[in-house]
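Starting from the known structure of chain X, fit chain C onto it as the hints suggest.
Given next are the chains, with one letter for each unit.
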Amino acid sequence: MGGLEKKKYQRGSATNYITRNKARKKLQLSLPDFRRLCILKGIYPHEPRHKKKVNKGSTAARTFYLLKDIKFLLHEPIVNKFREYKIFVRKLRKAYGKSEWGTAERLKDNKPTYKLDHIVKERYPTFVDALRDLDDALSMCFLFSTFPRTGKCHVQTIQLCRRLAVEFLNYVIASRSLRKVFLSIKGIYYQAEVLGQPITWITPYTFAHDHPTDVDYRVMATFTEFYTTLLGFVNFRLYHSLNLHYPPKIDGQAEVEVKPAEGKEYAMDSESYLEKLSALSASLARVVAPTQEDDVEMDEFPVEGETAEQMDARRKEQEALEKHKKLFEGLRFFLNREVPREPLAFVIRCFGGQVSWDKSLCIGATYDVSDPSITHQIVDRPRVEQQVVGRYYLQPQWVFDSVNAKLCLPVADYFPGVLLPPHLSPFVTEQEGDYIPPEKLKLLAMQRGEDPGEETEEEEEEEEEEEEDDNDKDEEEEEEDESEKEEEIKLKKMEEQKAQSNKALPVKVTAGKVRLEDKQRLEQEQQSEEKRLAIMMMKKREKYLYKKIMFGKKRKIREANKLAAKRKAHDTALKEEKKKTKKARRA
Amino acid sequence: MAAVAESLSFLGLTPSARDPATAVRRRNRGPRNRKKGWKRWAGPEARLGREIGDFLEDVTLQQRVAGGLIAEQPDAGLFFVDTGNAEKGRKRKNKIREKPLHIDLVLQPDSKVPPPKDILSYQIPNGKKERRRRQFWERLAQRGVLPRAERRLQTRLQNAAGRVDPGRSFYDIWADDNPLERALVGQDSWFLQQTQKQRVKRPPRLQQKPSQLPAVEVIAPGGSYNPTFEDHQALLLKAHEVEVMKKRAEDKVERQLRFPTAAEAPTAETVFREQCEGLLEESEGEEEEEEEQKEEAVGGAQPSDPPRPPLRPGKKTEQQRRKEKEARAQELRRRQEKAWRCRQQQLFRLRSLGRQLRRWEQELLRRRRAREAKRREMEGRPRRLGRIKYEDPALEVQLSDELAESLRTLKPEGSVLHDRFKSLQKRSLIEPRERAKFKRKYRLKYVEKRAFREVTL
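If you read the sequences in order, they're chains X and C. Under our numbering, the residues of the first sequence are numbered 1 to 587, in order. Under our numbering, the residues of the second sequence are numbered 1 to 457, in order.
Everything labelled a hint here was simulated from the structure, so no lab data went into it. Please note that the accuracy of each hint is not assured.
With a cut-off of at most 30 angstroms between alpha-carbon atoms, the simulated DSSO-like pairs for lysine-lysine come out as follows [stated by the list, open to error]:
#1 X:26 x X:121
#2 C:374 x X:115
#3 C:246 x X:566
#4 C:374 x X:554
Covered by chain C, per the in silico footprint, the following chain X stretches (three or more residues, Cβ under 8 angstroms) [what the hints assert, rightly or not]:
#5 42-49
#6 134-146
#7 218-229
#8 386-400
#9 561-574
No residue lacks a Cβ here, since even glycine has one placed at the ideal position from N, Cα and C.
In isolation and in its complexed conformation, chain X is listed as follows (with noise of 0.2 angstroms):
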């Protein structure tokens, strides 16, 4: 009764939402201007739920923001910077257009520059924060390390990318903390642990570019733009967490050997030190030297709430953990110049071992093809001419694939020439009943400290095997499903043999059998009835549940099992295959 009339769109949602180019004229700025502010301030649009009464009544897709989103931009400094830029780049075309030189060079001098350093302490207010969003930062850092030169963007931009990506390779090495590495067809993928926070980065194969027409390289350009900001100060601090200095320094032993007049001839004064620090052969130098008794072991605490068996099994991964990172120590490498030698470089000295390469490959090279101590040489060609003596000839995928394994692989699988058994991708875990291919189970018996059946030259046996194990597999799956029938009908026949027994009162006394208990048996018995039982005891809506689940896990099983006879079927395809060429060779 009474009052005004409530005008529409003057409350609720339509308030709290405002479009973009309104958003705009409210900042006062052009429309990619107020991209890249909204990109470095981490402002994103939202789509509000009830567009309709966001849109006055329009349905049209549009873009919204926050208002109070918009708001909160208003206080940043650096718009005022973005509206000095457009001012400085006015009065720049126009001293051109007088061709006042002098004019054009004066406000050159005074380039209007921001510093993002405020926004990252602001948008990351903790360090784990920063990690947190590594991922990201890290990938477009090594993406556009790769950029050629060109002019699609900065050269500046592109070298600070490569210098911040090799330092943050130089950590890893230095903490080594990698831990997967997966080479896929689009690029290398890795995961390495940094102070307890798992990050993934991806990185593209050298000389992988074709530029592609349908990507905004502006909007690139700006997120890489802050993310070198961002991973400069992440750097910075995590040289600091290990003692090292940073601008990090090549240790100093290793720069004396490294000096000789080798480097001059390869790179300028001024590029040779980022190219011997991006070589990743030489470790780097710490404020403090490491000492002895840095490494005395840590009391252990035990954790509230923690079982014995919980520690132990804590106590078991660390351990691992260690032995890991110890996986190729002592060993000495050599990488042919076929082989993408910076991948391979950065994961051999993550795990402790010593890289070289051909001098005249790259800057960096520590010890020469004819050194007698290489154990493994890393080759990728059919065959290998003049064999040395006393080392492992081997195909780069020996490396991923045994840090992948987190054990040395036998080297029989990857000889040069040979068929490299499949690269499998650390980043897949296996629930209970999916399919597991079968080079993965004998990968997983190796780790279990199993041999999987000895390393035998000839094709036949190690199919054989893999026959062998295929089948075990199939019935250990099989026995899973029969399992509960075969408790069924046991029961059953013990039931009736107890009716009987009943039945026919025993009256004659007959010379008792010495009847072994199977105490194991037993047990699984019981266990068997107590679950059959709690089976009926539920209630139908949870039976309903439990037979939903059930069928579930079978159709899993089902489908794993259809896979594994699949799989079965191309292999005796390809034995055929391959016995049929055999004979003709023969022939």
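What follows is chain C alone, placed relative to chain X:
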């Protein structure tokens, strides 16, 4: 003379005989009694005469110049070695140049008053002062004091850690005494706030990311450069499904836009029927309607009630009022009683009411859960942030025959740059958009160049 003899030899012996070359030529007509007529006259005799004349002229010229026919002269008489005296020629030319031009003479100043001396060419203005100042600054520079402009330049060069400067220095931004906040430490927060020295606090809402998806999504195991058979097949199947969906959409459009086959194509009959569509039926309907109307008219006319007089709002009597009032009261009472009875009854319905309530609550709970599930499902998806919807990038996959034998022969598939860009879009950090199209403000004007136009092939 030989030429003359030759030309004569072709002449026929008889006067009627003519030169065969001129035989066909039409005779020039025209009066020859005047000189004008003679010139046009170009008979064989005239030509002969002209040739003889030319010859004689040439001979006399040779005799005049060379003292006899040139063909008979020896080479030494005709040519000589030119050792020419160069100085002689130049001297002559110089003589001409030495004489000044008249115009220069005219422009010579002829005033007797000497021009004033240009002092500035002899001395520097404020030279002494400048020198003193220079010496002053030199002395200061020795002590390490620089002028203001120089100082500013130096500071600018030092602080030139621009945004793209590779040599910028980083520091520990998360330490307690970082340079960012060093100036603000220990000051009154009210003062900082009022003087706008303290930055506005970032709202905690902004710490949440729009999507929970991981920044780097690892490719499926089938994307390994050397995958297992099953993984590779699984990835291929996924890619295949995508392709099938695409094909289906394409086919649909194709089917809808297809030119009809001969069986489906419209014939003359169908075209005619289509054109008549609605016309015939409408007319039938109209006829029926008309009939109905007629019937109605016939039927309606018979009863023909007299129009009822409208109710007059007359004044009610006292009795009427009382009765109405009583009726109202009774109605109210009746309703109250009914409500009371209902309430009484509801006491006995407590159980069923409770049941109803519970059922309603369960329904609400179910609805809430469904809503939440839907919201959760929607959260995983990229948001709709603009005119264009996010579309998943094409799956990177290598066919069985494309797989590399070794790392050396690996051909990378897809682009990491594209992958990163799409990932940003998928996580709703940037809105998907089209590349801005170049739009010309004015239409181009095409002109065919003349040189080009003249070329005809």
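Results of checking the hints against the structure:
1. X:26 x X:121: OK: residue 26 (chain X) and residue 121 (chain X) at ~26 angstroms, within 30 angstroms.
2. C:374 x X:115: Judged against 30 angstroms, a Cα distance of about 42 angstroms means the pair is violated.
3. C:246 x X:566: OK: residue 246 (chain C) and residue 566 (chain X) at ~28 angstroms, within 30 angstroms.
4. C:374 x X:554: holds (28 angstroms)
5. 42-49: holds (count 6)
6. 134-146: holds (count 5)
7. 218-229: Answer holds; 4 residues pass the 8 angstroms Cβ test.
8. 386-400: Holds, because 3 residues of the segment 386-400 of chain X bring their Cβ atoms closer than 8 angstroms to Cβ atoms of chain C.
9. 561-574: holds (count 4)
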